[in-house]
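Number of protein chains: 2
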Amino acid sequence: MSALEFEVLKKDKETGARLGHLVLNGKEFETPIFMPVGTKGDVKCLTNEEVEEVSDGLILGNTYHLWLSPGIETLKLFGGLRGFNKWNGALLTDSGGYQVFSLSDTRKISEEGVTFKHYKNGSSLFMSPEISIEIQNAISSDIMMSLDECPPFNESYSYMKESVDRTIRWAKRGKDAHKFKNRQALFGIVQGGPYKDLRKYAIEELEKIGFDGYSIGGLSVGESKEERIEVLKYLKDIMPQDKPRYLMGVGTPDDILYGVENGIDMFDCVEPTRIARHGVATTSLGRVNIKNKEYENDFSPLDPSCECETCKKYSKAYIRHLFREGEMLSYRLISYHNLYFLKNLMHNIKEAIKNDKFLEFKNHFLKKYYK
Amino acid sequence: MSALEFEVLKKDKETGARLGHLVLNGKEFETPIFMPVGTKGDVKCLTNEEVEEVSDGLILGNTYHLWLSPGIETLKLFGGLRGFNKWNGALLTDSGGYQVFSLSDTRKISEEGVTFKHYKNGSSLFMSPEISIEIQNAISSDIMMSLDECPPFNESYSYMKESVDRTIRWAKRGKDAHKFKNRQALFGIVQGGPYKDLRKYAIEELEKIGFDGYSIGGLSVGESKEERIEVLKYLKDIMPQDKPRYLMGVGTPDDILYGVENGIDMFDCVEPTRIARHGVATTSLGRVNIKNKEYENDFSPLDPSCECETCKKYSKAYIRHLFREGEMLSYRLISYHNLYFLKNLMHNIKEAIKNDKFLEFKNHFLKKYYK
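Sequence order for the protein chains is A and B.
Quick note: to get this note's numbering, add 47 to the position in the first sequence (first position is 1).
Quick note: to get this note's numbering, add 47 to the position in the second sequence (first position is 1).
Hints may contain errors.
The list treats identical chains as interchangeable, and a pair is accepted whether it falls inside one copy or across any two copies.
Straight-line distance between alpha carbons at most 25 Å, and here's what the computed BS3-like set of lysine-lysine pairs gives [to be verified]:
#1 K133 to K360
#2 K133 to K338
#3 K338 to K123
#4 K123 to K340
#5 K219 to K60
#6 K360 to K123
#7 K133 to K228
#8 K404 to K418
#9 K359 to K60
#10 K340 to K133
#11 K359 to K133
#12 K167 to K340
#13 K272 to K243
#14 K360 to K74
Everything labelled a hint here was simulated from the structure, so no lab data went into it.
Remember, it's a predicted structure, so these values are computed and weren't measured experimentally.
Hey, can you work out the whole structure from these sequences and the hints?
Written out as structure tokens, the structure reads:
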């Protein structure tokens with residue numbers, strides 16, 4: 048038995064947006080799916096029960112953060128992250144590569160791996176494809192990522208070529224190091240920035256190695272929305288058809304819609320919980336910045352169309368008061384809403400694909416969202 | 048019909064600890080009762096549903112903080128605090144006096160009231176007995192407090208006498224200003240520091256004015272435990288027998304036990320949630336400082352005897368990891384436990400009084416608590 052099974056059940060007639068069935072160690076999911084991020088084991092502010100309510104049961108853990116704390120030994124002792132944080136759902140881990148590149152000012156890349164600084168105490172750390180897999184094996188996620196280098200989008204062609212080649216070699220080394228193939232799936236990561244031939248080359252080489260799914264990296268790293276959509280459009284037809292496609296770190300409502308339109312099956316993003324801690328809610332009528340004075344005496348919920356626990360009970364005025372007073376409950380209430388909103392969006396997206404009405408749904412949604 | 052009804056149902060044979068029945072606008076409670084503090088409308092980190100789970104349904108709101116935000120106008124617009132924060136239970140408010148004295152470095156007390164500085168922006172504010180009542184009327188709590196001055200415990204006798212007299216005059220003015228006597232009860236506050244004759248005098252004068260209950264102020268303000276217990280012992284026999292007695296701002300397990308032993312019916316304290324945010328849990332085996340290295344790989348819950356949601360699910364090791372990583376979920380999980388612990392303590396106290404075994408229970412509890 049394989050840790051991951053995947054089937055495309057249907058494609059939207061107009062766009063080709065994919066409705067899929069994903070099975071992870073016996074747990075079943077419909078795709079496209081959005082995965083909340085539990086950076087350090089928890090989705091910030093929320094308990095497992097709440098994450099169950101506002102997700103489809105698959106969340107992401109960050110390998111880099113979990114490596115630093117609680118660390119491999121504790122994770123092993125508890126039988127993996129889920130023995131530790133008691134999450135009952137499915138779990139995907141990133142490779143740690145993104146944080147190695149984004150959270151450290153200085154780093155040294157060699158064929159062997161990356162030497163970089165601990166984001167808190169500055170001590171020297173080393174990450175290799177094998178170490179990344181070792182940590183992810185200790186976390187015991189259902190889906191793991193190969194260690195990749197994630198250069199800036201507009202890195203030079205020559206550097207990007209060198210980097211893509213190294214990422215492919217790292218992917219092979221990661222696969223070789225992976226100990227528990229029957230219970231942890233492994234994805235390869237397609238890098239290449241804006242260079243179509245490099246993206247194509249990366250896909251072909253990763254397919255030769257063979258992975259359970261393929262991730263698109265190097266997007267949402269500073270490129271424009273147009274550049275992002277162009278890459279997605281290009282990848283749509285050349286990504287392996289029968290494997291899940293995961294667009295890493297992308298998760299605003301419009302990015303999700305453009306992703307789905309271009310054949311993406313899986314998304315993750317810290318945004319819903321991060322903007323919540325800045326007092327911003329995602330709603331069917333666009334973003335609501337709860338700090339605004341106009342909400343001071345507003346009896347209405349964050350989103351009038353939403354049926355989440357936050358919107359069923361609390362007014363904008365009360366959440367604004369809590370936020371202005373620095374009460375953590377406000378982060379929690381908005382985080383809950385923002386994730387619920389995305390869960391609901393994914394539900395509506397799946398319904399739209401089932402009915403071959405994805406484009407109509409997308410246009411209707413975006414029109415309301417951007418008023 | 049009165050906003051408050053109270054009856055002493057039984058006294059513990061050995062100690063005289065009181066078991067009481069309190070009715071607040073139709074909502075019934077058993078005393079002794081502990082009230083979690085919702086300073087700014089929310090009990091920090093927790094939703095109303097959770098506060099219901101870890102309290103007996105009566106919480107405290109801080110008049111000073113609610114006055115500054117959301118303010119009287121918003122509170123009136125929402126029909127009181129409970130229209131705003133959606134708390135379904137009962138509500139007690141303090142007078143704001145304690146914060147006026149504790150949160151401002153400089154203040155000027157006159158017969159009319161107190162001029163002091165806003166604790167955040169330093170602007171000049173004025174609080175009088177009438178203003179305190181006006182705010183509490185706007186909050187629409189079930190039980191209100193008269194504005195009192197709260198001098199340091201070891202203030203001179205002559206100043207304390209002057210202050211007690213003023214507090215009594217303020218109590219009379221507050222009662223006169225109170226608009227909604229049939230739906231909001233009003234308590235008088237007994238000050239007097241360590242001076243027994245002043246405490247006795249305060250009680251007699253407040254009784255002449257007539258209040259729905261009597262609060263003991265000026266404790267937990269720097270005096271020793273022995274000094275505190277001596278005041279409580281003295282007050283035990285001279286406080287009005289047929290009215291609820293509220294020991295303000297006191298709520299460690301041992302202070303509650305000594306309070307109950309000396310006839311106290313009501314307690315409140317920010318401690319359970321405040322120490323939670325410093326990583327400290329109250330347990331049947333004493334305090335647990337979750338930061339301690341010894342808990343790094345500890346599979347056991349915060350309190351092995353506890354059946355709260357935190358203890359049913361999460362290990363010390365996981366909560367320690369969350370706390371060390373600054374994850375707000377840790378504050379929430381410990382706050383929930385700490386309040387549940389007190390709710391359970393109050394339950395056991397009431398059972399002990401019913402069975403005339405209060406002293407046995409107290410000694411057993413404290414022996415375990417202090418090992």
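Cross-check of the supplied hints:
1. For the homomeric pair K133 and K360, the shortest alpha-carbon distance between copies (7 Å) is at most 25 Å, but the shortest distance inside one copy (28 Å) is not.
2. When the C-alpha separation of K133 and K338 is checked against a cutoff of 25 Å, the pair qualifies only between copies, where the shortest distance is 20 Å, while the shortest distance within a copy is 34 Å.
3. Proximity of K338 to K123 under the C-alpha cut-off of 25 Å is restricted to the inter-copy arrangement: shortest distance 21 Å between copies versus 43 Å within a copy.
4. In the homo-oligomer, the alpha carbons of K123 and K340 lie at most 25 Å apart only across protomers (18 Å), although the nearest pairing inside one protomer, at 49 Å, exceeds that limit.
5. Taking the shortest alpha-carbon separations for K219 and K60, neither the intra-copy value of 36 Å nor the inter-copy value of 78 Å comes in at or below 25 Å.
6. Taking the closest pair of Cα atoms, K360 and K123 come within 25 Å of each other only across two copies (19 Å); inside a single copy the shortest separation is 41 Å, beyond that limit.
7. Only within a single protomer do K133 and K228 lie at most 25 Å apart by alpha-carbon distance; the minimum there is 23 Å, versus 50 Å between protomers.
8. Taking the shortest alpha-carbon separations for K404 and K418, only the intra-copy value of 21 Å comes in at or below 25 Å, while the best inter-copy value is 67 Å.
9. In this assembly of identical chains, K359 and K60 lie within 25 Å of each other by CA distance neither inside one copy nor across copies; the values are 36 Å within and 49 Å between.
10. In this assembly of identical chains, the alpha carbons of K340 and K133 lie at most 25 Å apart only when taken from different copies (21 Å versus 40 Å within one copy).
11. Within a single copy, K359 and K133 get their C-alpha atoms only as close as 28 Å, which misses the 25 Å cut-off; across copies the closest is 11 Å, which meets it.
12. Proximity of K167 to K340 under the C-alpha cut-off of 25 Å is restricted to the inter-copy arrangement: shortest distance 19 Å between copies versus 36 Å within a copy.
13. Proximity of K272 and K243 under a CA criterion of 25 Å is satisfied intra-copy only: 16 Å inside one chain copy versus 75 Å between copies.
14. Proximity of K360 and K74 under a CA criterion of 25 Å is satisfied inter-copy only: 22 Å between copies versus 32 Å inside one chain copy.
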